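Visitor: Each chain, written out:
Protein chains: 2
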Amino acid sequence: MVTRVRFVAGDAGAWTIDEIRAVIGEPLPRAPRLARCEGDEPAPEGRWTLSGVRSHDRYVTRGEKTRLAASPELDRPTARRGVLIPIRKSAAWWALTQDERRAIFEEQSHHIAIGLEYIPAIARRLYHSRDLGEPWDFLTWFEYAPEDSAAFDALLARLRASEEWRHVEREVELRLSR
Amino acid sequence: MVTRVRFVAGDAGAWTIDEIRAVIGEPLPRAPRLARCEGDEPAPEGRWTLSGVRSHDRYVTRGEKTRLAASPELDRPTARRGVLIPIRKSAAWWALTQDERRAIFEEQSHHIAIGLEYIPAIARRLYHSRDLGEPWDFLTWFEYAPEDSAAFDALLARLRASEEWRHVEREVELRLSR
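As given, the protein sequences belong to chains C and E, one line each in that order.
Heads up, the first sequence is in the working numbering, so the first residue is 1 and it goes up one at a time.
Heads up, the second sequence is in the working numbering, so the first residue is 1001 and it goes up one at a time.
In case anyone wonders, no lab produced these hints; they're calculated from the structure.
Keep in mind it's a predicted model, so treat the numbers as computed, not measured.
We treat Cβ as the ideally placed atom computed from N, Cα and C, and that holds for glycine.
Some clues are possibly wrong.
Simulated coverage check for chain C against chain E, where a stretch passes if three residues somewhere in it have a Cβ under 8 Å from a Cβ of chain E [to be verified]:
hint : region
1    : 1-15
2    : 55-64
3    : 95-102
4    : 127-135
Computed beta-carbon distance windows for the label pairs [said to hold, decoys possible]:
hint : chain 1 : residue 1 : chain 2 : residue 2 : range
5    : C       : A121      : E       : A1154     : 51 to 57 Å
6    : C       : T16       : E       : A1014     : 30 to 36 Å
7    : E       : E1100     : C       : P146      : 34 to 40 Å
8    : C       : E19       : E       : E1100     : 39 to 45 Å
9    : C       : E100      : E       : R1047     : 39 to 45 Å
Chain C with its partners taken away, still in its complex shape (with noise of 0.2 Å):
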């Protein structure tokens, strides 16, 4: 089964959203702070929810997976800094075949190679909301440590320069501390 999540932007949550970006299209209503809530947490009262759930995986072959088993876990207490990226990706997108879609992720634009040399520094979960009719595909979280903000910031902007991003059409950034 999947497991669902929501993140909880309002008055309550580990997290204090430091800032919101618009990155392509419309941002996201300012709020001070952020829960996430995976499976049967409690969420608290919100301004606004993003709701996804954790699934299988749809691009990786078995070697990239076996790499990314060294990815870390969530919730390191050095992991001080977290940020969320829900991002909407293109009709035309869509409309490619998995093959399609999976040369413009790997071959081309080295999605998961990239991640994987931010490993163990940067720990990911995707979360994925196209499915559940939400106005987002996936719901990208990350957290790390603070001196390692340049290394994460060099990984996005890595990852915004790929021919993957030009089938985005909607992105936020935020980011937050705790």
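Using the hints provided, position chain E relative to the given structure of chain C.
Guide: Chain E alone, transformed into the frame defined by chain C:
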């Protein structure tokens, strides 16, 4: 955006439920009629409902997608027989990587190639339920003319004999007419 579907079993709906057969695992409760409600179509009250979404293709290549474009539409006046098959695959299936699932799905089991042999007799629509947290991964809907019933049975038998079907852990078959 994805389009949702609800299959509602009860006293209303265009389709008469002629038989509900448990192929693998538990059956579904009996009901006289079935309604297939896509998008914002209002759904009748019912005894039970299965939900899913029409979403993007997960396995087909461009060449296969081009050949599948010859698939017939739903609701042909001659198509008086319908079949709904909800399926759940094993946790081990979902722990496979995309390339491993594709290899079993097509290179070993010829799922798409077999389906293409039954075009244009058999119309088919696939709905995804897994990310919705439903007890099913897929809901597959078929429509055909009564004289193509034997061809449909052959299609089903060939798929169920495939390597892919060893990963199915629950399957129910609803035979319908209108």
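Visitor: Next step is simple, just say for each hint if it's right about the structure.
Guide: Now the hints, each set against the structure:
Only when three residues or more bring their CB closer than 8 Å to a CB of chain E does the claim for the region 1-15 of chain C stand; here the count is 3, and the claim holds. With 9 residues carrying a beta carbon less than 8 Å from a beta carbon of chain E, the region 55-64 of chain C meets the three-residue requirement, and the given coverage holds. A stretch counts as covered by a chain when three or more of its residues have a beta carbon under 8 Å from one of that chain; for the region 95-102 of chain C and chain E the count is 6, and the coverage holds. Only residues whose C-beta sits within less than 8 Å of a C-beta in chain E count toward coverage, and the region 127-135 of chain C has 5 of them, enough to reach three; the restraint holds.
In this structure, C/A121 and E/A1154 meet the distance hint of 51 to 57 Å, their C-beta atoms being roughly 56 Å apart. Between C/T16 and E/A1014 the beta carbon distance is about 54 Å. The supplied range of 30 to 36 Å is therefore violated. Distance hint check for E/E1100 and C/P146: the Cβ-Cβ separation is about 39 Å, which falls inside the suggested range of 34 to 40 Å. Checked against the hint of 39 to 45 Å, the pair C/E19 and E/E1100 passes, with Cβ atoms roughly 40 Å apart.
Checked against the hint of 39 to 45 Å, the C-beta distance between C/E100 and E/R1047 comes to roughly 42 Å, which is consistent with it.
In the structure shown, a violation is registered for the earlier hint numbered 6 alone.
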